[in-house]
Structures are given as C-alpha cells and as structure tokens.
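> Top line first, the protein sequences correspond to chains A and B.
Using our numbering, you'd call the opening residue of the first sequence number 145 and step up by one each time.
Using our numbering, you'd call the opening residue of the second sequence number 205 and step up by one each time.
Simulated crosslink set (DSS-like; lysine-lysine; CA at most 27 Å straight-line):
1. B:K305 with B:K383
2. B:K439 with A:K262
3. B:K439 with A:K258
Keep in mind the hints are simulated off the structure, nothing from the lab.
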Amino acid sequence: MKKRLVKAIGLMMSAVLALGCTACGNSGGNAAAESEGTQEAVQAGKEAAKADANEAPGDEASAEKVTITLWSQFSDPNSTDGNYVAFYNALESIKTDMPNVEVIHEGTESESYKVKLKTAMAGNELPDVFFNWGAGTMKPYVDAELVLPLDEYMTDDVKGRILGGTLDNFIFDGKTYGYPYSVAVASLYVNTELFEQNNVKIPETYDELLEAVDAFSAAGITPISLGEKDLWPGLMIFGIHAIRMAGAEDFNAALNGTASFNTPELTEAARKVQELAARGGFGSSAMGTSEDDAVAAFKQGRAAMMFMGSWLNGDCEADDAAVKGKISVIKFPVIEGGKGSVDEFHGGSGETFLVSSSCEHPAEAAAVAQYICEKMSKDQYLAGSGMPAWEAEMGDTSGLNRLSQEIANLTADATGYVYWLDSLTGGSKADTIMNEIAKLIDGSVTPEDFCANLQTINE
Amino acid sequence: MQKMLGNKKAYWIFVIPAFVIYLVMAFVPIAMSGYYSTMQWDGIGEKIFIGIDNYLKLIKNEAFLLSARNSLILAIASIIGQLIPALFFALVLARKVKGEKVYRTIYFIPVLLSTVVIGQLFLKIYNPDYGALNALLQSFGFQGQDWLGDKRFVLASSLFPIVWQYIGYHMLILYTGIKSVPADIYEAAQIDGANERQMAFHVTIPLIKSTMKVSLTFAVIGSLKLFDLIWVLTKGGPLHASEVPSTLMYTSIFSRMEYGMGSAMAIFIVLECLFFYFLIEKCFKVENITY
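Using the sequences and the accompanying hints, generate a full structural model.
Here's what the structure looks like:
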C-alpha cells in the first residue's frame, strides 16, 4: 500500500513538474514578444509566423506583410444574402488590391457575434478591424475609447465619394469612426398575385391598408407577416407608424432624448399599431412566430404583405421562392392627420467596420476598413441588398435585383430617415422599446402608458 | 481505506487537484459575479459601485419575479411529472419484465437527444399553421391554438418537453438504485406473502430513499437553472410569460448590457439552488443503507 502511494505521489509530482515546465516555456516566449507591443501584436505575430510557415520559406515579400485580423458577422461564405456575397468578394479582391496586408478573417453568426464581440471588448482582446452597428450600439465602445477615430485617414477625396448623410450614425463628438457600406430601407412588400386573386387594391392610403387587412383576414390569408417572437420586427412596424404620425424629425428628437415620447402624435401612432394588431393585421399567431418563419410564410405566398428592410429583396427573388417575380415594393401609406410625409423612410446607413484603438498598424487597418466598405457598397447593391453608400460606376445593372431598383426609385426623393430603433438607441434602451412594442401589439398596455414607458429611457 | 484517510499527507495530495480545479472553475466565477453584482456596469466602460441597488431593483422587477415564479412552477412540475413516472417505470422495469433492456433504452433516448433537437422538434409540433398538435386537435373538432405565442398556454407548452425529456434520466438513476437491492430481501418478503405492490411500497421504496433524494435534488436544481429549452422554444416570450431567471440573466447581460444586474440574477440563482439543496437535505435525512 505504502509503496504504491509513494509511486503515485512520484508520478503526480513529475506530472506537475512537466506541466510547470511547459507553462514556463510559454510565458517565456510571450514575455519576449510582449516587449514589442500589445497582446494583439503577439497574436498577429503568431499568425504571421504561421502564415509564413505555410508559404515557401525565405519568401521576403511575405515577411514584410502586415497582418490585420478581421471579425465579422458574415459567417457563411456560401450564403446568397447580398451582404455576404459582397463581403466575400471584397475579402477575395483585397488579396490582389492590397498586397502589403494579409487579412485574417473570422466570421461568426450574428447573435453569437454580438456576444463574442462583447466578451472580447471586456477582455480587451479586440481584433484590428471588426464589423459593428452604428449609433447607440456603437456609443459605449466610443465612450470607452476602444475604437479609433478615422478622420485623419478620411481625405477629402475619400469623403467626396461617400454619399451624403450615410456617415451620420458613425459620428460622435465630431469624430467619424466608420465608413458606410450600405443604405438599407424598409418598405412595404406586397404580393401582387394575392392582391389580384382577392380583388384587393394595393393600398395608397392607410384606410385602404386597413381594407386590405380585412379582406385578407376574411380570406384566411395572413395580411402582414410579422415575426414578433424575435421582438425586433415589431420595431419596424411601430417605427413606420411613428414616422408617419410624428414625422421623421420629431420622432428622431424623441429617440435622441431631446423631445418627449409623450406627444399626441406618438400616442396615436401606438394606438394605430394596436388597432392594426387587434384587427388581425398580423394574423393570429404573430407573437409566437420567429422572423425566419415570417419570411418563409411570405416567400411561400401565405402572407400578403410584409414591412421589412431591403435585405428581403434577395429572399423574394430567390429561385426557391414561390413568390418570385410577384412581389412589388411600395411606400408605406400616409396616415391621415399625421405630420409625416410619404417620402420619409425607416432605415438608413448604420453598419460598418470599426478599427480597434489598440491596433498595431492603424493606417493599414483603416485602409482595410475603407477598402472593404467601398467595395461592399457597390457589390451589395448589385447583389440586391441595400442602396449604395459610395459613389461608384455601377456598370451593367441589367442583372440587378428588380426590387432593389424599385426601392432606389422610391427613395430617390427621400426627405428624411429614422434609423432602426434598436441600433439607434442600443443596449437597455433598445430592449425596453422592443418589449414595450411587444406589449403594445399583444394589447397588454394602453397607448398612453406605452408612450410614458418609452419616455423612461430618456430619463 | 481507514489507513488512507488516516494518512494526512496522502489525503491532501489527492484532494488538492480537484479542490484547486473546483476553486478556479466554480468558486472564483461565483465570487466575481458577486463582486460585479454590486456594480453598475455595461461590460465595457467604467464600473460604478452601487452596493445592493441591483438587488433592490431585482425584487421590484416584475419580469424577474415572474421568472422566479416560473422556475418554481417548473420545479414542482418536474417533481410530479418526472419523478413519479420515472419511479413507476423503474419499479416495473426492475421486476424483470420482458424486453427490459429495450424499454430501458427507449425511455432513455430523449435524454441522449440534444436539447436543441428536442426544441426544434417541439417547435414543429406546436406550430400553429402546420403543427402536429393543432392538426390532431382539429381532427377531433377542436380549435387549434398558438401554443408558444399565447401567454396563457406558453408556460405549460414549454414545460412539457422539459419535463418529458428527463423522465428517462431519473428512471435510470432509480432503476440502478432498485437493482442494487439484494434479491434475498425480496425472497424473504415473498415468503411472508407480500404481493408486488406491497413489495414496491414496503421494501423497494424505503430502501432506495437515498437514490430518490439524488433524483429529487437533480430535478429541482436542474429546473431552477434551466436555460436551453426555454431559449430555443420561446426566448422567454411572449411578454416574459415563459421567462426563467437564466434567460432573463442572459438578456440582461447580452442584450441590455447590464452586467451588474445580470450578475445579481446569477447570484440569486446560486442562492436559490443552495437554499433548495439544503432544504432537501434537511427534509430527507436518510441513513445510507449498506448491504
């Protein structure tokens, strides 16, 4: 017994010793590298070394290459989503267009991406360049000085190519933190075939919209497809009602905290949303439907309308969509008595790539961010996702998504925008708005209380 | 064995590795959560010390109280819905019924399936448009319901798969407990003229009390910290009707970016679990039976 014990102890000690040795070895290596700079540099250095090892040894050109780490929510290289296609195009062409940098990309699916990014931020382990949303979502990062202002890299020439207004959501205290790459706009998607079959007029006024809702409800077709289980789709419904009732300017003011939500117009907007829901506007099961299911219902022709951002274009025109070629986009009708005009839109430019402030090669990182955004701006437009945010020669647009062209025509005379409510407000404010809207649609809060509850985010 | 425990040096050498791992992996994170729970912190910027304000807000937070209530309902549902059928199946199976192994495997299959798979399965069953449940109801002339979208039904609908999934798990625990009861005790009971039912209630159940306590603890603690199935099925919605503390903690931290508040919820879950653990320990003071 005792002998065995001694043996066991001996074995364990040697194991501990071995572990200790490897640990020492690691930290020794790190210490040497750390004297050169931040943890990121170590990471970059390691990756560069790895990349070098993969290529032919002794290749001097690759040794001078600057390695830039890049994180995005574009996780699937084979996706047909316009933004994904454009991003992977840019990632491919940057190899030839910017030979001095090597971009190491890591894509993570949207929801996990948000979690991953927050974890990396808390641990101060950000990549050099990373995808992010603008406005309120970005603000905590700016406040914590985790991201780099890009003004010094934004020459007049570059600025000249960026379309007006698209930078608004990336500017804090006069400093610009990101380049735009798309302008996404929400519009009302209508299934023209269902409208014809049921002899319903495509709505031009809000009353006609309600008539259409009644007609489709009676015919057993979901009037407006809404995936309220995911909460954010409800933001768009309330958003456009608020824009139509209060006008883009006043609604923006309330969202920015410079005006109150307790206005007769916003209360009326809330009431309209609630009435629409009570009337069966979103079918009988919107609260338990996910966005994916809502899109599927619309794609399969089981729902007559959908109010959604322009990223829906690709889905509607996909080869597997039963509604391919039957969808049309229209402006959300004006509400009588409202202050908003039909040319005010929900959406805008708000997705970008940011540069980490602890980045080792800020100039190269900024150049990568700029390159990707400018390239994506054109390609995502051609792929049928959103409007471009940069001036560009579009070349042959005959293959362009039909709906994208329709939206481009709709927004040609746009007079005002309100950006997505969740990205605009960010964090707990966005969560509060989403949950309040869910209550509103469910009918468990009065429009007056709803506005009062929204006002709490401004206090 | 006595000699081993008597040797203090050996005792510590064997305990320390596990102890260190436990300390680093379990105790430190809990302590960190306790520290964060006294802060107002968005996870990125500055931490502001606010004492117990997060806890005071927590007990006034309607959604949180609802989630705590839901988790207690789940715990009770688990005890009734899991342990009773599990005990029944275990008793029957352990009496050498024909096809014992086959049944044992069948009952255990739900435990082996990934929670996400089960979640997706039930999402399809509950779907108001094409779900099997509504189709069944309609074929009997009843009206279909939006099982996961209606706040009246959502809690029951989401608790069902959770309870159902682990029946096999508890069955297996209890089954092994029953199997370890020596056969001669049953023989003695048989000679005394006991029938199957009497043997189950007067021999088996009293003898497997300690195994039943293990099952009970797992069922209760598992219910209190449940996250996965609720997240897949409803994300706590609609309107927090199916919220449990863990899902609310997740949204607090990752959607609302309120790390302090989320940590306070985490601490609440830990304390709640500990409380029920000790409660069960106290109520079920059983001696360990060795044969």
